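**Student:** These protein sequence lines map, in sequence, to chains A and B.
Per the working numbering, the very first residue in the first sequence carries number 8; after that it's consecutive.
Per the working numbering, the very first residue in the second sequence carries number 3; after that it's consecutive.
If you're looking for bench data, these hints aren't it; they were derived computationally from the structure.
Careful, some of the hints might be misleading.
As the list claims (entries may be wrong) - In silico DSBU-like pairs for lysine-lysine, Cα to Cα no more than 35 Å straight-line: (1) K136/A with K492/B; (2) K296/B with K214/A; (3) K253/A with K277/A; (4) K427/B with K110/A; (5) K387/B with K334/B; (6) K119/A with K370/B; (7) K299/B with K73/A; (8) K284/B with K84/A; (9) K117/A with K465/B; (10) K387/B with K23/A; (11) K136/A with K427/B; (12) K111/B with K84/A; (13) K132/A with K427/B; (14) K465/B with K77/A; (15) K111/B with K73/A; (16) K136/A with K334/B; (17) K370/B with K182/A; (18) K132/A with K48/B; (19) K24/B with K132/A; (20) K465/B with K136/A.
Bear in mind the structure is a predicted one, so any value in this text is a computation, not a measurement.
The chain contents come next:
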Amino acid sequence: MKEIITIQGLEKNFGKFQALSDVNFTVNAGEVVGFIGPNGSGKSTTIRILLGIIHRDAGNAKIFGKDVWKESIEIHKRISYVPGDVTLWGSLTGGEIIDLFLKLHGRGDKQKRDYLIKRFELDPKKKAKGYSKGNRQKVGLIAALSTDSDLYIFDEPTSGLDPLMEAIFQEEVEKIKEAGKSILLSSHILSEVERLADKVVIIRQGKIVETGTLDELRHLTRSTVTLATEGDVAEMAGINGVFDFKQKDNQATFSADNQYINDILMEASKLGVKKFESVPPTLEDLFMRHYEG
Amino acid sequence: MKEKFAGWDTLFLQYLKRDLKKIIVWVLGLGLFSAAFVPAFEEIAKGQGLLGMYETLLNPAMIAMVGPTPIEAAVDYTLGAMYAHEMLLFCGLFAMVVAALHVISHTRKEEDLGLTELVRSFQIGRQANSLAVMMEILFINVILALFIGGVMMSFGVDTISVEGSFLFGASIGMAGILGAGIALVMAQIMPASSGATGSALGIIGLLYIVRAGTDVSNVDLSMINPLGWTYLTYPFTENNWIPLIFALIFSLMMMVIAFRLEGARDMGSGYLPEREGRESAKKSLLSVRGLFIKINKGVMISWLIAFVIMGAAYGSIYGDMQTFLGSNEVMKDMFTHSGISIEESFTGTIMMVMMSLVSILPIAIVNKLFSEESRLHLSQLYATKVTRGQFYWTSIGLAVFAGLAGILLAAGSLGGTAIASMGDKLTMDIFDFLAAGFNFLPSVLFFTSLAALALGWAPKLGKVVYIYLAYSFLLNYFGSILDLPEWFSKTAIQSWIPKMPIEEFDALIFIMITVISIVLMILGYLGYKRRDMIEGA
Ligand SMILES: Nc1ncnc2c1ncn2[C@@H]1O[C@H](COP(=O)(O)OP(=O)(O)OP(=O)(O)O)[C@@H](O)[C@H]1O
Ligand SMILES: [Mg+2]
């Protein structure tokens, strides 16, 4: 498969602080890669290196087989990027800012722009200083999504979006994916990338700690379940796929392996379910578990 | 009524605590700057010093810069009279600016940042903040006034009397309060803090320039200028406290107006309405140049207008110069002897002053690129096919253009008004004025290139260029008054440039400084091309 992004042994220091110590991963053509890690783990730093905004101190990073620093302009002609923190010129309107970006990018699609503005329910006539955080994010997303690029890089794209808008974003990304484009999607919430990503790369303290397809990572994903039953809930403790079982009266909280979720539900229903809540795994849970084993 | 201001005392104490360091630097810095030069002036005053100074300072160019003196005969020109004459206006202006910036940073800026909202959610009245800030200003300036008075008195100089010392201090303190009042009103009218800062400083600048004109033509007219109420107290000579009363009344009026305006508006908005925006961009915006013009437009237009007004104000003085000479034999002799006309001499000095101010605009434009960078405005654009060279050279190009436009407008408006006010009697034509202005182009380019160098290698130092500009300006400002050693004056770039039309144009210097500036810009580019973009963190 053709490699779109190739990163090997990437390092970056900010003064004495080592932000990246060993980053390796690849993004293949047509692949959606979820890039996840807790706050300050180095996601944005990695992305900035990929975009030629900052230097690397060691290692290699290539996009389309070209060096990300030396040949950045060649690369930029074929990519789109949305920063994690979209800040805008207060005196320009959202519509003007999107147009400007499309023009400077060079491969913007005016029709797609208009379509996305409607889809995301953005008021393009409003001066940017009047936009909420979510609306600013929309401006960045619409600008990037209305270009025709081969690689899209999103840094925490849904921060600040309400669930409805988040769903629209996911749909639009899916369309790009179907068109065969490559996408790098950073986030600190696993569930956010779960739906879209073919592959997940996990970074922690500047190091890649896990890479693999979602299936390969399945062993890492457990949901936190809160269950109250009519029967004795303690019986749940012994079931396959249940971990960290804690009980209070007839209510229990435990982690459940997603692949055993069917068995767990069947057992629970035998006891008569009064309450069942399942919270998808947060990244921290995932890391905790990653280090447990 | 009481409710609106509820809790102001808590905030007031809070501010004093929070700003303690700033207040100490403020009072000590401004206080010593205003008061501690007495020994230096004693040096100047030795021998024939006072007489020489008196003659120098009667030159209309000097009056336009430092203000008038009530003294009519050289023998009455004492050390105290000279000190007040040379220092008071300038220090008062300084106090005004500092206070205005402080008021806006505690009112409008905090509001823009959303801090006020937080504070107001406690049991604090709507207008408590403004009152607290004004009280803080009052407090600081009273201390400042007493400090200045105390320090000056302590030198024990005969002609620097106790009453004069405290009047001198009080005039400077009052200037601070005036500046704060103006700023508080602007903070209500303008839709955002940058506008409030710009307009408050603009008004102060305007007052300064208007008084330059009235001081030369008719000092009585300066009495209706709020800035006039500070230096027209004439400490050590007439010791006139009355202007301070006008100033106090005026400041109170400003406060009342500001409180009225504030009471009637919504938080986060101003009185000048926001316009509806465009659905899609105009063609002219769609390039790096278009964007940079757009984001610098406000600053550029306001400064360029300021340059025109400044030129016109100084230009209008020309008409009064001959009358002025007619009434002053000493000066008349001086000019007849040296063989240069009073107008030419004036042009040489004023041009230097104006061109220093013109340099502010290009520095601001170059520094803007870094402030855009650190505010993350450009993040998404870095990932397009736009090169760093385009960002850099577009900024530099715009800055140089603004510098050229600034020189043209300032020198043109000075010349135009001068010619209009004197007609045939003026020996210079508009080209002489433009030549004298563009003669300073290398110095404007030099300041631009220093900002460019900082942008490339140490962008956080971009602000230091302003400090160097202020330093150069002060050196030239006082350089014409004090007798500074040659090497020391030469640390200011403008000192290298001959003052046309009194002195001859020096092509070598012109080319050399221009080339050095271009080299510095290229060096800056090399740094900009290879450094990390600084984003947040
Ligand atoms: N310009 C900089 N100077 C100094 N330290 C920096 C700089 N940029 C990033 N860092 C540090 O590098 C580390 C990694 O930051 P980075 O922004 O890459 O994290 P992140 O994974 O994107 O986190 P988040 O989820 O909060 O966005 C952090 O500890 C951050 O403080
Ligand atoms: Mg980040």
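**Student:** Would you mind marking each hint as holding or not holding in the structure?
**Tutor:** Here is how each hint holds up against the structure:
As the CA atoms of K136/A and K492/B are separated by approximately 46 Å, the hinted pair breaks the 35 Å bound. At roughly 42 Å between alpha-carbon atoms, K296/B and K214/A are farther apart than 35 Å, so this suggested pair is violated. Between the alpha carbons of K253/A and K277/A the distance comes to roughly 19 Å, so the proposed pair stays at or under 35 Å and holds. Taken as a hint, the K427/B and K110/A pair is broken in the structure, with Cα atoms around 57 Å apart against an allowance of 35 Å.
Restraint check: the Cα-Cα separation between K387/B and K334/B comes to about 65 Å, which exceeds 35 Å; the hinted pair is violated. With a CA separation close to 33 Å, the supplied pair K119/A and K370/B stays within the 35 Å bound. Distance hint between K299/B and K73/A is unfulfilled; the C-alpha atoms sit about 38 Å from each other, more than 35 Å. This hinted pair checks out: K284/B and K84/A have alpha carbons roughly 23 Å apart, not beyond 35 Å.
Taken as a hint, the K117/A and K465/B pair is broken in the structure, with Cα atoms around 41 Å apart against an allowance of 35 Å. For the proposed pair K387/B and K23/A, the alpha carbon gap of about 32 Å is at most 35 Å, so the pair holds. Under the criterion of a C-alpha separation no larger than 35 Å, the hint pairing K136/A with K427/B is inconsistent with the structure, at around 54 Å. Proposed proximity of K111/B and K84/A is contradicted: the alpha carbons are some 39 Å apart, above 35 Å.
Between K132/A and K427/B the alpha-carbon distance is near 57 Å, which puts this suggested pair outside the 35 Å criterion. Distance hint between K465/B and K77/A is fulfilled; the C-alpha atoms sit about 31 Å from each other, no more than 35 Å. Annotation: proposed proximity of K111/B to K73/A is violated, straight-line Cα distance about 45 Å (limit 35 Å). A distance of roughly 59 Å separates the Cα atoms of K136/A and K334/B; the hinted pair therefore is violated under the 35 Å criterion.
With a C-alpha separation of about 39 Å, the suggested pairing of K370/B with K182/A is violated against the 35 Å cut-off. A hinted pair counts as satisfied when its Cα atoms are at most 35 Å apart, and K132/A with K48/B does not qualify at roughly 69 Å. The hinted pair formed by K24/B and K132/A fails the criterion: a straight-line CA distance of about 42 Å is larger than 35 Å. A hinted pair counts as satisfied when its Cα atoms are at most 35 Å apart, and K465/B with K136/A qualifies at roughly 26 Å.
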